[in-house]
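Protein chains: 2
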Amino acid sequence: MDTRTRALNLSRHYLQTLGFNGFSFQTIADALGIKKASLHYHFASKEDLGLALLEEYERSYKDWSEKVESLPAPKKLEQMLLIFYKMALDEKICPSGVLCSDFNTLPKNMKKQLLKFHEFQRAWLKDTLRQGVREKVFRKDLNIDATADLLLASIQGGLQMARLRGESETFKAFTKNLLKTL
Amino acid sequence: MDTRTRALNLSRHYLQTLGFNGFSFQTIADALGIKKASLHYHFASKEDLGLALLEEYERSYKDWSEKVESLPAPKKLEQMLLIFYKMALDEKICPSGVLCSDFNTLPKNMKKQLLKFHEFQRAWLKDTLRQGVREKVFRKDLNIDATADLLLASIQGGLQMARLRGESETFKAFTKNLLKTL
DNA sequence: TATTATCTACCTATCGGTAGGTAGAATCAA
DNA sequence: TTGATTCTACCTACCGATAGGTAGATAATA
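One line per chain: the protein sequences are U and G, in this order. In terms of our numbering, the first sequence is numbered consecutively and its last residue is 326. In terms of our numbering, the second sequence is numbered consecutively and its last residue is 326.
The hints are all genuine.
For chains that are exact copies, the list does not tell them apart, and a pair is met inside one copy or across any two.
Taking lysine-lysine pairs in the PhoX-like style, the calculated list, with each CA pair at most 20 Å apart, reads:
| id | residue 1 | residue 2 |
| --- | --- | --- |
| 1 | K270 | K320 |
| 2 | K252 | K236 |
| 3 | K284 | K324 |
| 4 | K256 | K236 |
| 5 | K316 | K236 |
I should point out that these hints are in silico values taken from the structure, not numbers from a laboratory. The model shown is predicted, which means the values in this text are computed figures rather than measured ones.
Could you put together the complete structure from these sequences and hints?
Right under this line is the structure:
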């Protein structure tokens, strides 16, 4: 694997455990066994690194959403939650959650890119909820907007809570409960 | 108002807008118009300042909960949400949410104190939900644990989302929707 | 030989924190 | 009541560590 990719993988790990301001070029360089200055060959600035991370998250979310495209709505949501269960088990929090908290300390372009990523996830969720209503597996009077936001917010907050308490089961339990109300 | 109190107020503001690692003794000292070293007279270390903040949050939450003690359960939850609406309007996020995200970068004592604060809020919510069931205003089969966690997680995540999107109405809308399901 | 990827060595700014000092208010003993 | 002492709340000046970042030399490779 090339250095750039390894650097991105490490950054993703540190982002989701320590936050964007919780790791430095030094941290990544040390883990790679190269010098900090050499990392600047691959990423001109930390903002650049952050943007690359966000683009990667968005691309991999899009790839995933294409893979589950033909599934029924409840299966889609289940599959999505599975990704977050794994995160909880790994004592990680979701990238949006990390960057949301640090929001006001982020460079402008990262704010924009983060919002774009969020809106993509939100649109996907709304589509999936509408699909479920069409398929008659979700309640006919489901409030699409409010439910999509509730799902997003509770996943984001839930992962943070689970890590705080050191119990990933918490997260699993209340999200399962939430799905039942759809 | 004495310097210590003013420093705490400023710190609370910066904590909820920039995160615990997003402001420094210098930030606060500048805002107060005193020197950074003088701030160390009031707070030996940043951990000390953080602990003082957390204790203040907990104390004020306890005071508040005593004030609403005699209200019916739905009114209690409404009053609680009102506090968070104001936060959203102020483009702030909740202290637990900030510190949860930065969790792994916090000093040990702050982690403990944060967990204690969280457990207090959680216990209060569970009590209130049980009260509502007793009062027959909430569903009899309400899953107390899962619902308390869902409320906590969605408030925490919802405030972060609202700030990201720059729209406090989002938060108001989906929490209102959530209350209806109880 | 040109390009890619790394290096050494350095920069400025800021971080949390400390040492030592000082003006003025409060306290205490003769 | 007065003089000595201690306390409060600040100051200047510094520390080592680390942050993000840059310039320019060097090694490997195609």
